[in-house]
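> One line per chain: the protein sequences are A and B, in this order. Sequential numbering from 1 applies to the first sequence in my numbering. Sequential numbering from 1001 applies to the second sequence in my numbering.
Where hints are given, some of them may not hold.
Here are the simulated BS3-like cross-link-like pairs (lysine-lysine), alpha carbons at most 27 Å apart as the crow flies [to be verified]:
#1 K1302/B to K1260/B
#2 K191/A to K249/A
#3 K143/A to K1078/B
#4 K1113/B to K150/A
#5 K150/A to K1078/B
#6 K1159/B to K1176/B
#7 K74/A to K191/A
#8 K72/A to K143/A
#9 K395/A to K1176/B
#10 K1159/B to K1219/B
#11 K1159/B to K1037/B
#12 K1260/B to K1270/B
Chain B regions said to be covered by chain A (calculated; three or more residues, Cβ under 8 Å) [said to hold, decoys possible]:
#13 1148–1161
#14 1204–1216
Keep in mind that the hints were calculated from the coordinates and are not lab data. Here a beta-carbon is modelled for each residue, glycine too, at the ideal position from N, C-alpha and C.
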Amino acid sequence: MDNQELRHHYHLFPRQIGEIALQNNVEELHLSFTQGNWRQGSWGYPPVSSQGVGAEVFAWISGATQEESLDKWKGLTNALSGVFCASLNFIGDDNTSMPQLAFNTSTRGKRSSSSVPGRRGVLRHGFLPRENVCTENLTPWVKQLPCQAKSGLGVLLNPHRLYNMDFHSMGISLAPAVSAADDGQTGLVYKQHVTVVLNPRTFGLDRNWTLGELMDRGVDAACPVATSSTVRVVMPESETRVLPTPMRKETLGGQETYVYDIQKQNASEIRFEFADSTNKKEAQQRLPLVEAHRHVNGHGGGISGGIETLIINRSNQPVDVTYSDTLPWYLRVYLHTLAIEAVNPDGDIFKQHPTQMIFTPAIDRGRPSTIELAVTLPANTRTTLRYDFDKGFIKYTEHPPDANRGFNIGPAIISYRPDTDGSGIDQPLFCALQSSHPNAYFECKVRVYTELFLASLPTPDFSMPYNVITFTCTVLALFFGRIFNLLTRDFAVLKGSD
Amino acid sequence: MLLHSREAAGIGRFLTVVLCIVFAFGHSVFSKGETEKVGAFFADKEHTNNWAVLVCTSRFWFNYRHMANTLSMYRTVKRLGIPDSQIILMLADDAACNPRNSRPAAVYDHPRKTIDLYGDNIEVDYRGYEVTVESFIRMLTGRVAPETPRNKRLLTDEKSNILVYMTGHGGEDFLKFQDSEEINSYDIADAFQQMWEKQRYREILFVIDTCQANTMFSKFYSPNILSIGSSEKGENSLSYFHDYDLGVSVIDRFTYYNLKFFETLDMSSKQTLADLVATYNHSLIRSHPGVRTDLFSRSLEKTYLTDFFGSVQNIELTREPFPIGRKSE
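Put together the whole structure using the sequences plus the hints.
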């Protein structure tokens, strides 16, 4: 893709993204802003594969040399920070990692026709766990939609509802793709996604509500420049009525889906009616095969601690997962303390060994440490993965202004391929939806993000320099002056006057 | 005098030719006049654009009112016409989507919650840890890193008027940034002098709402700076309403009364700075706002509010078309 070809699409494709991607040699780019906790045990697979709290950017960037590629990465993060009003410029050497197992790093296109070239670029991943998400990130995102918030589904994006939520994830992705017609044509697909989990009771709604009431917005018309504008409602398993009658019904990933064409029907009038007898136990949606949680050991003020990750394998088959964790340089990892144990429901404990391990040690202020492991989880087990670390001392200028809070440490990413034996059952939605615009390098890989934790490093007494200066100056002023005079003053007798 | 028809035809033809020549001549005279007219329209203008730099230097939830102050100014300036591309908004913390905020994505200036200062359309250029003394001074003087994106740069020239609004916790000759560092009045004075020498502004209106605010502009020495502060040396600037839903004070008195005045204006307003200063009432604001005019060349009565807070476009209508694009000369 070069500027000549992209130019003709700038009436739909946002020009700022096109130019940033071209200038920084970007082959594929994913960016997301997330807040809130995705409850893996209740909500099933997330619609889009990112749930790490904070801002996440990863991109494949090609460059002739390592230095050039690093420069382009810096240029990319700074440019994106300007576009999305976020502090992505804080992604630098000390929080960028180059994971090899967690993301789709296949070098050949999925449809390995000669028209899809192998990936030339190197993957860089940056994560800012402390990044906040608010209306100022949504505003430029909405302005990139062809009809913005004026018509079409963009009208529903009311920030007062979107941020009053249990979970929110918003982002973009730019990826090379092959056309579904299999004529070998390649191109770029730009996707903008918003995932939000809302509780209607927060807004005073109960069991019957329309989409317009939920978002407090009314959609008058579909976006005029859209070739298609649809709303798909994935039907829950409990008794629910969704009105009006959809244009058609589909099965997506093994679940019944109602499809509404917004060019003919009104999106804000889609009404949901939940039955009175909805049982309190959460509908047993397709729970993901693998669930992961991470927490930190050790006590807050201490200089040592440990990370413990619990990975649950619900299926009756062993599952191969990759575990990828990036820790900042001031948490010094002791890899020899790595221990992996699996416990089955009977209480038997099995020691596990990783089938593959890639460890990139940290360089102080230069690079974070990255641990990547490929582990096979035995069927129906809870596996605990732990290792220890020591907390390093950082210079007093490196502490953030609210130093006593501590540092947010980014999540660990556990990725695996769900059962894709072609039957479509147990397939997450985002995999099922890929068939319309297949990403050239796509394979259905689920990424599970664990929780963050706060590492509180020993904080110095920031008022110390001021106190030292005050004390020293007092001593100098009061005592030194007097002693100096006493020692050196010479008394001379004056002759009396005549 | 009667003319024979043949002579009349001859004279008619002659007149037509003469008139054509006159028209042709006149046409070229007109287009040269047009070029000059349009050229003059751009050349003589001393003031072509307005920028706003709005800074909130305080972090933490209990400093909600400082963020509300800055957002009041943002709302005013946007409403009166300055586009987002010419506003640099620096918020040291996030009040709207703060987990403690019981009204997510909204910031209010009054417990009645009639005006939502955050709105649906907001662009924050520097946020969170990015708001530091260094980034502020770099942005003002233009000495930013080469990879700085466009929305973080102050792209002003010698025809720009800049509104600089600062709020936070301050004291005599200093203003605290994020509870960890300070900027003092000499720093800001020197930064403005750098801007003057680099011709980065035509006039600056410096408004500051902190405790002992008037000391912050006492050290300026560059020309064309008008300063307004909220309180004298030794005085505190007080907060106004306390909101029992949110649990914090939502705005400061000085900025609240400014906002109240600006809400009565629109883009075409001809009110002047003298009108604004005349509304300052010590018994309502509970401190003595100060104005420093000695460095400012115009008088307050002749300076429109829209010269700083708004963005008035100058339009001149021409009757003749003006060709755009290259012509072969």
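> Hint by hint, work out which the structure violates, then give me just those numbers in ascending order.
6 and 14
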